[in-house]
Amino acid sequence: GQQVMQIPQYQHVQEGEDFTTYCNSSTTLSNIQWYKQRPGGHPVFLIQLVKSGEVKKQKRLTFQFGEAKKNSSLHITATQTTDVGTYFCAGDYGGSQGNLIFGKGTKLSVKP
Amino acid sequence: NAGVTQTPKFQVLKTGQSMTLQCAQDMNHEYMSWYRQDPGMGLRLIHYSVGAGITDQGEVPNGYNVSRSTTEDFPLRLLSAAPSQTSVYFCASSPVGDEQFFGPGTRLTVL
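Chains as they are written, first to last, in the numbering used here: chain X, 19 to 130; chain A, 263 to 373.
You may find that some hints are simply not true.
[Claimed, not checked] List time: in silico DSBU-like cross-link candidates among lysine-lysine, alpha-carbon distance up to 30 Å:
no.: 1; chain 1: X; residue 1: LYS54; chain 2: X; residue 2: LYS125
no.: 2; chain 1: X; residue 1: LYS129; chain 2: X; residue 2: LYS75
no.: 3; chain 1: A; residue 1: LYS271; chain 2: X; residue 2: LYS125
no.: 4; chain 1: X; residue 1: LYS54; chain 2: A; residue 2: LYS271
no.: 5; chain 1: X; residue 1: LYS122; chain 2: A; residue 2: LYS271
no.: 6; chain 1: X; residue 1: LYS122; chain 2: A; residue 2: LYS276
[Stated by the list, open to error] Quick look at which bits of chain X chain A covers, simulated, 3 or more residues with Cβ under 8 Å:
no.: 7; region: 31–42
no.: 8; region: 121–128
Since the hints were derived computationally from the structure, they do not count as laboratory data. Where is the CB? At the ideal position from N, CA and C, for every residue including glycine.
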């Protein structure tokens with residue numbers, strides 16, 4: 019079935035270092051969404067990428083969608099302690115329902 | 263706007279008991295869904311609905327029932343709780359195909 023693979027599962031960084039998480043699908047996506055979940059909290063929407071090769075930036079966060087619309091990445095420049103949490107990608111395969119297939123997430127810890 | 267609300271926040275059940283997790287949204291969203299989140303497993307879709315009177319199964323529907331009698335409410339019923347259903351449950355709503363808004367979650371333990 020449809021599956022979204024996300025790596026790495028965990029990432030420990032020193033404050034100020036960069037961080038990247040990657041998502042990959044075996045089949046073409048209609049769009050991909052990214053969510054952040056703080057410890058003990060609920061997932062919160064960050065961004066949606068729709069177009070092939072799309073790149074979007076939110077302050078220190080850069081999101082990319084691959085040319086084939088099968089992979090995506092989230093890059094954080096100069097991490098801060100406020101970036102701590104789990105980052106999920108969620109693939110939409112274009113069904114009329116709008117169901118999302120979530121990756122297993124990358125848990126980011128930042129050492130001050 | 264309260265957004266998406268869920269009750270209860272915490273629940274402990276004994277094996278075999280039944281209960282209903284409540285979910286409500288005040289954003290007039292067509293799409294509502296239930297996920298369970300287990301360590302290392304991400305979010306897995308249990309059931310979803312694209313409008314009042316319409317529900318369908320997701321990836322892990324066994325042991326759960328849903329109904330959607332109104333646009334606002336989407337309760338999740340556990341028919342006979344099992345320890346394997348110990349998890350954190352999130353309800354979400356959205357316009358179809360758009361960003362999903364999640365509730366605060368229900369932490370369920372089945373003994």
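For each hint, the structure was consulted:
1. For the hint linking LYS54 of chain X to LYS125 of chain X, the alpha-carbon distance of about 10 Å falls within 30 Å, and the restraint holds.
2. Restraint check: the Cα-Cα separation between LYS129 of chain X and LYS75 of chain X comes to about 24 Å, which is no more than 30 Å; the hinted pair holds.
3. This hinted pair checks out: LYS271 of chain A and LYS125 of chain X have alpha carbons roughly 23 Å apart, not beyond 30 Å.
4. Note on LYS54 of chain X and LYS271 of chain A: the hinted pairing holds, with a Cα-Cα distance of about 20 Å set against a maximum of 30 Å.
5. The hinted pair formed by LYS122 of chain X and LYS271 of chain A meets the criterion: a straight-line CA distance of about 23 Å does not exceed 30 Å.
6. Distance restraint check for LYS122 of chain X and LYS276 of chain A: the Cα-Cα separation of roughly 29 Å lies within the 30 Å cut-off, and the hinted pair is therefore satisfied.
7. Counting residues of the region 31–42 of chain X whose C-beta lies closer than 8 Å to any C-beta of chain A gives 0; at least three are required, and the coverage claim is violated.
8. Here's how the region 121–128 of chain X fares: 3 of its residues keep a CB closer than 8 Å to some CB of chain A, so the rule of at least three is met and the hint holds.
Checked against the numbered hints given earlier, the structure breaks only hint 7 and satisfies all the rest.
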